[in-house]
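Participant: Here are the chains, one letter per residue:
There are 2 protein chains.
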Amino acid sequence: MPKELILATNNAGKVAEISGLLAGQGYRVSSQSEYGIASIPETGLTFVENALLKARHVCAHCDAAALGDDSGLVVPALRGEPGLYSARYAGPDAGDADNNAKLLDAMRDCSGEQRKAMFICVLTLLKHELDPEPVIAIGRWDGTIATQPSGDHGFGYDPLFIPDGFQQTAAELEPRQKREISHRGQALQALFDQLS
Amino acid sequence: MPKELILATNNAGKVAEISGLLAGQGYRVSSQSEYGIASIPETGLTFVENALLKARHVCAHCDAAALGDDSGLVVPALRGEPGLYSARYAGPDAGDADNNAKLLDAMRDCSGEQRKAMFICVLTLLKHELDPEPVIAIGRWDGTIATQPSGDHGFGYDPLFIPDGFQQTAAELEPRQKREISHRGQALQALFDQLS
Chain A
1 MPKELILATN NAGKVAEISG LLAGQGYRVS SQSEYGIASI PETGLTFVEN
51 ALLKARHVCA HCDAAALGDD SGLVVPALRG EPGLYSARYA GPDAGDADNN
101 AKLLDAMRDC SGEQRKAMFI CVLTLLKHEL DPEPVIAIGR WDGTIATQPS
151 GDHGFGYDPL FIPDGFQQTA AELEPRQKRE ISHRGQALQA LFDQLS
Chain B
1 MPKELILATN NAGKVAEISG LLAGQGYRVS SQSEYGIASI PETGLTFVEN
51 ALLKARHVCA HCDAAALGDD SGLVVPALRG EPGLYSARYA GPDAGDADNN
101 AKLLDAMRDC SGEQRKAMFI CVLTLLKHEL DPEPVIAIGR WDGTIATQPS
151 GDHGFGYDPL FIPDGFQQTA AELEPRQKRE ISHRGQALQA LFDQLS
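In order, the protein sequence lines correspond to chains A and B. First residue of the first sequence? That's 1 in the numbering used here, and the numbers climb one at a time after it. First residue of the second sequence? That's 1 in the numbering used here, and the numbers climb one at a time after it.
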């Protein structure tokens, strides 16, 4: 009988991607929305703490294992910003264009190594609400912040992020290619490896 | 100039061990006691959250990177117990013998695979108080819980823990051998690899 794993997300795309990957590991993947569980405030101070908060919230409602995720862009020259606030960097109602504009402005005096950045994705799997030892899978995608946006694919900071080893931005990569090499792809592979 | 790293512990033995390992990586290691920082309550629900709480408490007092750690014994058949409460399993003033006795009693009906256990050690390095992306290094030492204690070395649950691949308990291993293969040794090696 497959083990049940509930994703702490209402994003159907994430559910489809993770379902496919973990079906071969004997997991039946569903999402919190199928159980009527609402999202909770992300009050953690690190990606891993936010991912754990989300997973634990699901475990508290269902007697099943839960997978939480959190991700964002980290710029060391900005002491980690936009970091946990990547999706709302320019304000609670900000869109991608607003956030990109704010990042370009914050980095207007940065050059060379100071333009280094990384996308981070952390996945945490809690077997039950009080599981002391979650599986933690981290994906990291290194790159550089361009001085102007380019590309129509992707979302978030993709039009500004030039992955190491590439000349174009993440928004100029084919979606399939991005999915394989991105921070999320690497985190999913690390999760898969630990569950195998 | 070496980077400063403050350990969120008052244990001189841990400081000596970690100093030696990280000196070659350009870190000057000190302990929170040198800064008059007291320990804080471990209110996290996972090892990684406790390690982060300890490190963040140090960062809040000093403008330096801090390393927190947390560790314990996890018995899947007991839904993760003693887990975060390994050092105080039999009560707030319990000693090692009390905790070992309580564990043997809790597992009196466990046999075969149900006696599997693992020691976990999690190290977290925060570059500053609001660093969203700490270095996380996890060590895991798998074994089986014996039906009676043996051995005089080590501490905690070592007299009951038979590491996979051994016939004797962790308390019967030479301290140097244990240090290399234990959960703590593996976590330190994983930290070293990530900082290299």
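Be aware that a few hints might be false.
[Stated by the list, open to error] Capping the alpha-carbon separation at 25 Å, the derived lysine to any residue pairs in SDA-like fashion look like this: (1) A:3 x B:45; (2) B:127 x A:127; (3) A:127 x B:53; (4) A:127 x B:116; (5) B:14 x B:44; (6) B:127 x A:45; (7) A:3 x B:78; (8) B:3 x A:135; (9) B:102 x B:91; (10) A:3 x A:59; (11) A:3 x A:45; (12) B:116 x A:135; (13) A:102 x A:115; (14) A:116 x A:130; (15) B:127 x A:3.
[Unchecked claim] Covered, in the sense of this in silico footprint (three residues per stretch, anywhere, with C-beta under 8 Å from a C-beta of chain A), are these stretches of chain B: (16) 14 to 22; (17) 45 to 53; (18) 134 to 145.
To be clear, the hints were calculated from the coordinates, so they are not data collected in a lab. Ideal Cβ positions, reconstructed from N, Cα and C, are used throughout, including at glycine.
Participant: So, for every hint listed, does it hold in this structure?
Facilitator: Tested hints:
Our distance criterion of 25 Å between C-alpha atoms is met by residue 3 (chain A) and residue 45 (chain B), whose separation comes to about 23 Å. For the suggested pair residue 127 (chain B) and residue 127 (chain A), the alpha carbons sit about 30 Å apart, so the restraint of at most 25 Å is broken. Straight-line distance between C-alpha atoms of residue 127 (chain A) and residue 53 (chain B) comes to about 22 Å, which keeps the hinted pair within the 25 Å bound. Distance hint between residue 127 (chain A) and residue 116 (chain B) is fulfilled; the C-alpha atoms sit about 17 Å from each other, no more than 25 Å.
Between residue 14 (chain B) and residue 44 (chain B) the alpha-carbon distance is near 21 Å, which keeps this suggested pair within the 25 Å criterion. Taken as a hint, the residue 127 (chain B) and residue 45 (chain A) pair is honoured in the structure, with Cα atoms around 13 Å apart against an allowance of 25 Å. Of the pairs offered as hints, the one joining residue 3 (chain A) and residue 78 (chain B) holds, with about 19 Å between alpha carbons and a cut-off of 25 Å not exceeded. Among the hinted pairs, residue 3 (chain B) with residue 135 (chain A) is inconsistent with the structure: their alpha-carbon atoms are about 30 Å apart, more than 25 Å.
Under the criterion of a C-alpha separation no larger than 25 Å, the hint pairing residue 102 (chain B) with residue 91 (chain B) is consistent with the structure, at around 10 Å. Taking the CA atoms of residue 3 (chain A) and residue 59 (chain A), the gap is near 14 Å; set against the 25 Å cutoff, the hint holds. A distance of roughly 31 Å separates the Cα atoms of residue 3 (chain A) and residue 45 (chain A); the hinted pair therefore is violated under the 25 Å criterion. With a C-alpha separation of about 18 Å, the suggested pairing of residue 116 (chain B) with residue 135 (chain A) holds against the 25 Å cut-off.
Restraint check: the Cα-Cα separation between residue 102 (chain A) and residue 115 (chain A) comes to about 14 Å, which is no more than 25 Å; the hinted pair holds. Between residue 116 (chain A) and residue 130 (chain A) the CA atoms are separated by roughly 38 Å; this puts the pair beyond 25 Å, and the hint is violated. Our distance criterion of 25 Å between C-alpha atoms is broken by residue 127 (chain B) and residue 3 (chain A), whose separation comes to about 38 Å. For a cut-off of 8 Å, the count of residues in the stretch 14 to 22 of chain B with a CB near a CB of chain A stands at 0, and the three-residue condition is violated.
Counting residues of the stretch 45 to 53 of chain B whose C-beta lies closer than 8 Å to any C-beta of chain A gives 6; at least three are required, and the coverage claim holds. Proximity of the stretch 134 to 145 of chain B to chain A, defined as three or more residues with a beta carbon under 8 Å from a beta carbon of that chain, is established by the 3 residues found.
Consistency with the previously given hints fails for numbers 2, 8, 11, 14, 15, 16, ordered from lowest to highest.
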